[in-house]
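**Student:** Residue-level listing of the chains:
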Amino acid sequence: MTIKPASLLPGGNLMGYALLALLLLLVLPLALDLFRLNLIGKYLTYAFVAVGLVLCWGYGGILSLGQGVFFGLGGYAMAMFLKLEASDPESTKIQSTPGIPDFMDWNQLTELPWFWQPFHSFSFTLLAIVLVPAIIAMVIGLAMFTRRVGGVYFAIITQALAAILTILIIGQQGYTGGVNGMTDLRTLMGFDIRTDGAKYLFYYLCVLLLFGCLGLAHYISKSKLGRLLVAMRDKEDRVRFSGYDVAAFKIFVFCMAGVFSAIGGAMFTLQVGFMSPTLVGIVPSIEMVIFCAVGGRLSLIGAVYGALLVNFAKTSFSESFPELWLFAMGGLFIAVVMAFPNGLAGLYNSYVAPHLARLIARWLPATTEPAAVPAIEAKQPQGAQP
Amino acid sequence: MFAEYTTSELLSIFAMQGVAGLILFSVFVLMALGLAIIFGQMGVINMAHGEFMILGAYVTYLTSELFSAYLPDYFSSYFILAMILAFIAAGLLGALVEWLMLRHLYQRPLDTLLATWGLSLILQQAYRTIFGAREVGVTLPDWLMGSYPLTDTIELPINGLFVMCLALGISLTVGILMYRSRWGTQVRAVVQNRPMAGAVGINTARVDRLTFALGCGIAGVAGSAFTMIGSTGPTSGQLYIVDTFLVVVFGGAASLLGTIASAFTISQAQSTMEFFLSGSMSKVLTLLFVVFILMLRPQGLFSLKVRR
Chain A
1 MTIKPASLLP
11 GGNLMGYALL
21 ALLLLLVLPL
31 ALDLFRLNLI
41 GKYLTYAFVA
51 VGLVLCWGYG
61 GILSLGQGVF
71 FGLGGYAMAM
81 FLKLEASDPE
91 STKIQSTPGI
101 PDFMDWNQLT
111 ELPWFWQPFH
121 SFSFTLLAIV
131 LVPAIIAMVI
141 GLAMFTRRVG
151 GVYFAIITQA
161 LAAILTILII
171 GQQGYTGGVN
181 GMTDLRTLMG
191 FDIRTDGAKY
201 LFYYLCVLLL
211 FGCLGLAHYI
221 SKSKLGRLLV
231 AMRDKEDRVR
241 FSGYDVAAFK
251 IFVFCMAGVF
261 SAIGGAMFTL
271 QVGFMSPTLV
281 GIVPSIEMVI
291 FCAVGGRLSL
301 IGAVYGALLV
311 NFAKTSFSES
321 FPELWLFAMG
331 GLFIAVVMAF
341 PNGLAGLYNS
351 YVAPHLARLI
361 ARWLPATTEP
371 AAVPAIEAKQ
381 PQGAQP
Chain B
1001 MFAEYTTSEL
1011 LSIFAMQGVA
1021 GLILFSVFVL
1031 MALGLAIIFG
1041 QMGVINMAHG
1051 EFMILGAYVT
1061 YLTSELFSAY
1071 LPDYFSSYFI
1081 LAMILAFIAA
1091 GLLGALVEWL
1101 MLRHLYQRPL
1111 DTLLATWGLS
1121 LILQQAYRTI
1131 FGAREVGVTL
1141 PDWLMGSYPL
1151 TDTIELPING
1161 LFVMCLALGI
1171 SLTVGILMYR
1181 SRWGTQVRAV
1191 VQNRPMAGAV
1201 GINTARVDRL
1211 TFALGCGIAG
1221 VAGSAFTMIG
1231 STGPTSGQLY
1241 IVDTFLVVVF
1251 GGAASLLGTI
1261 ASAFTISQAQ
1271 STMEFFLSGS
1281 MSKVLTLLFV
1291 VFILMLRPQG
1301 LFSLKVRR
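Residue numbers (the numbering used here), protein chains in the order written: chain A, 1 to 386; chain B, 1001 to 1308.
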């Protein structure tokens, strides 16, 4: 088998993933201290959401402003398990009711609510992280897409859902920990999650899971399903008239994005050690969209870089110029929409890739294949060019 | 639940809650009207709408400070001037934003959403830098303070009555402007068929800019009215943006009457439930109810029958 020059390009499939893997698995762990690496791990949990959004928004044309809901569901499911483990009767014996989480005790609850009970089991928790968001996404999708609600309306309704979940979490303090969220998480099945070793472990776990999601998303985007999604985005009626059930595809891709986000949320809880409603609401949900937009809404690898870069900028700006951060973020939103709608990946494809392709073609004169960027990645959503 | 109240007490409770709901309704109407014009007529999602509102509130605050410092004799009438200034300031900013940003994005409604969100972040930080992070309140002139006793147990707050009258006046003006004036005809023509409207000699770019400016100007007046009820901080606008969007979507985007009807439903539902449940639960239930209705009837309560 000869290697095509296109796949050797950093924007092409093989090389791009290899470079990303090299960066995340080797370069960053060697170059950064544990504190910074933990931060990178935190950024990578947002990359899960961004990858989901590439599928859902970039390919499917469904803009969800409520991905924080799924991120939160995953994160809270994991946090509930950890919280229950941290509040065994032994370590909570100073409470008036030992054996329940501390915030419940503060809110005069005397027994564990029913929906907390199954979270004693780790396997149930893992199932819940995947299934709860999938089911909720499916219900939302069934209600919306079968009735052909789309575009702007869908965006506003998902945003309202993010608002609802935040208000609910903050209002039901006794059941959810309220605005402080769930803090003071200690062990996972007896394994202390606050040690240095655990942080390395979770970082690598996070990277591996991210590559799992990337692989799945890549497979979907290259399959017939991916083509259909793009077709639906550009001319929904034609796909419908060709006999496809448009709603079913939309529901599937929305569920997929939801599950990715939930996995990211669960990894967030494990690495950062808390979960709070500030990661669920409208503002974080819409920020997650910008990670995806900065990376390029049609590029899976770009989404990861986008999440890393925007969050890195956010951290360093808020460390040194907290005043300027909102200006920079606002400017970024406007710039990414107006000046380069295809994000970093678009810039890369139009400026860097052709030069690299020429270089590689010179090194590999035997292959006659023209070095072209993959068709879908280069194709823009309809009307995306100003 | 009602056992400990007498009938007359119950009646006055419901009346007072009803009045509170009416005041909330007036604020919703003021906020949603501007948005309904922009979203319903132009199809632009203006996430910075709340910030235009806050601009109006800050203009009102500045005017009140100026009057109390330099023109204390005329303090009783500053509010009228403040509202006019708020309308002009927000409208001008709106026209500028339309010219710089939105006119390039009309083909991509989802992208206007992201761009205006960016704008809202910038405006928020600008307010924080200029006015400080603390919330500011205005001193109301005497004639807006106090309340009007209807019976022994029912009192009507005068500032609330004023907001209601304002909402009524502005709704009527917008209605007349949209459906009875030449300009309104042009706006609706552009909405229905842009190329044709251009072909018969309507300057569509100018219509767009004026429509957006008008919507933002109304937001400014809404913010001005808002200072009578609550205090203003840099992020106050963001608190209301989702509610306002739901009001507009629930009412049916292209219908002004629908916007008013849905503002009425949502505000009454919320203020009545607030009496029985906690504030957060009533909000959650109201939002869920709206989302549920929208799932059943995606086009909103009132919708134009258009053949596509």
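Among the hints, a few may not be true.
What the hints assert, rightly or not - Which chain A residues face chain B? A few, computed with CB under 8 angstroms, are given here:
# : residue
1 : Ala-155
2 : Ile-164
3 : Met-329
4 : Val-337
5 : Phe-340
6 : Pro-341
In case anyone wonders, no lab produced these hints; they're calculated from the structure. Every residue gets a Cβ at the ideal spot worked out from N, C-alpha and C, and that includes glycine.
**Student:** For each hint, tell me whether it holds in the structure or not.
**Tutor:** Outcome of the hint check:
| no. | hint | verdict |
| --- | --- | --- |
| 1 | Ala-155 | holds, 6 angstroms |
| 2 | Ile-164 | holds, 5 angstroms |
| 3 | Met-329 | holds, 5 angstroms |
| 4 | Val-337 | holds, 4 angstroms |
| 5 | Phe-340 | violated, 12 angstroms |
| 6 | Pro-341 | holds, 7 angstroms |
Violated hint for the displayed structure: number 5, the only one.
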